[in-house]
Amino acid sequence: MLTASLVCALGCLVRYGSELLAGTLFSVQRLWGTLAVNVIGAAVVGFVLTHTLDHSAAIVPFCGGLTSFSAAFAGPLHAWHDGSRRSGLVALVATPVLCVAASAMAAAL
Amino acid sequence: MNPSRLRLALLRILAVLAGGFLGGAIRFALTNGLQPSWRRDLLDAAVGADASSAWRYFDPWLLAVNSIGVLLAVWLILGVMNGRAPDDPWRLFWTTGALGGLTTYSSLILQLGRMGQIDTLAAFEAGLLSFLVASLAAYGGWKLTRQRGSRC
Numbered sequence: 001m002l003t004a005s006l007v008c009a010l011g012c013l014v015r016y017g018s019e020l021l022a023g024t025l026f027s028v029q030r031l032w033g034t035l036a037v038n039v040i041g042a043a044v045v046g047f048v049l050t051h052t053l054d055h056s057a058a059i060v061p062f063c064g065g066l067t068s069f070s071a072a073f074a075g076p077l078h079a080w081h082d083g084s085r086r087s088g089l090v091a092l093v094a095t096p097v098l099c100v101a102a103s104a105m106a107a108a109l
Numbered sequence: 001m002n003p004s005r006l007r008l009a010l011l012r013i014l015a016v017l018a019g020g021f022l023g024g025a026i027r028f029a030l031t032n033g034l035q036p037s038w039r040r041d042l043l044d045a046a047v048g049a050d051a052s053s054a055w056r057y058f059d060p061w062l063l064a065v066n067s068i069g070v071l072l073a074v075w076l077i078l079g080v081m082n083g084r085a086p087d088d089p090w091r092l093f094w095t096t097g098a099l100g101g102l103t104t105y106s107s108l109i110l111q112l113g114r115m116g117q118i119d120t121l122a123a124f125e126a127g128l129l130s131f132l133v134a135s136l137a138a139y140g141g142w143k144l145t146r147q148r149g150s151r152c
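Line order of the protein sequences matches chains A and B.
Numbering-wise (our numbering), the first sequence opens with residue 1 and increments by one.
Numbering-wise (our numbering), the second sequence opens with residue 1 and increments by one.
Source of the hints: derived by calculation from the structure; they are not laboratory data.
Here a beta-carbon is modelled for each residue, glycine too, at the ideal position from N, C-alpha and C.
Careful, some of the hints might be misleading.
Claimed, not checked - Listed below are several chain B residues computed to face chain A (Cβ distance under 7 Å; list not exhaustive):
hint, residue
1, L17
2, F21
3, G24
4, F28
5, T31
6, G69
7, I77
8, V80
9, M81
10, T103
11, A134
12, Q147
Given these sequences and hints, build the entire structure.
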């Protein structure tokens, strides 16, 4: 559990990095960085679920930290609260749709 | 980079790592290690004796930690920590780290994928349930910010 928690913490750090990149490099709101890592994490676990037998591999806790359910809700609500209502709504709805699609596509590879 | 900015950057990284470790440890303890014996009994009672039921892969603890995480994140971001900058170390510790590590989209997708391999409709229902409960939790977090009279 200790190792899994450490790997999970690294995933959180990568998510933070992607949120910073979204804000500084691509000049978009951070919630798009969160959406991107959620979709990537979903695709990875979709691939793992189908193509490997070891579902306890280190990549699973890493994706647990990389992806965030709370940020996928709180980020869009914060954007809505700050006046970016369309961005908030699109991100909130797009996240589960894209995550399921990415996971299914990765599983079908 | 001047020393004070470097210190601040390191502090932010440490805040995310420490929070992520804490949140991840709590989630792993709840979903893997510290499962009470009545949990499986409760699930058995809910899905019946059908060993092939897709709902056997449904994890109520994951639904619970994800929903509690959403409630706390909304309460913190829109309420208690609303005035703090997104890169404030305490905000990073609690929201990006602890709650980000506690909650997860990938495990939910993994669970739905396993359910979907048996019963697509059950996987859809479980996904919808997770989304609806989390929406209620988000509403609860928002109501909490209003009750506290915070800047929301």
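Now the hints, each set against the structure:
no.: 1; hint: L17; in the structure: holds, 5 Å
no.: 2; hint: F21; in the structure: holds, 4 Å
no.: 3; hint: G24; in the structure: holds, 3 Å
no.: 4; hint: F28; in the structure: holds, 5 Å
no.: 5; hint: T31; in the structure: violated, 9 Å
no.: 6; hint: G69; in the structure: holds, 4 Å
no.: 7; hint: I77; in the structure: holds, 5 Å
no.: 8; hint: V80; in the structure: violated, 12 Å
no.: 9; hint: M81; in the structure: violated, 11 Å
no.: 10; hint: T103; in the structure: holds, 4 Å
no.: 11; hint: A134; in the structure: holds, 6 Å
no.: 12; hint: Q147; in the structure: violated, 16 Å
Of the numbered hints listed earlier, those contradicted by the structure are 5, 8, 9, 12.
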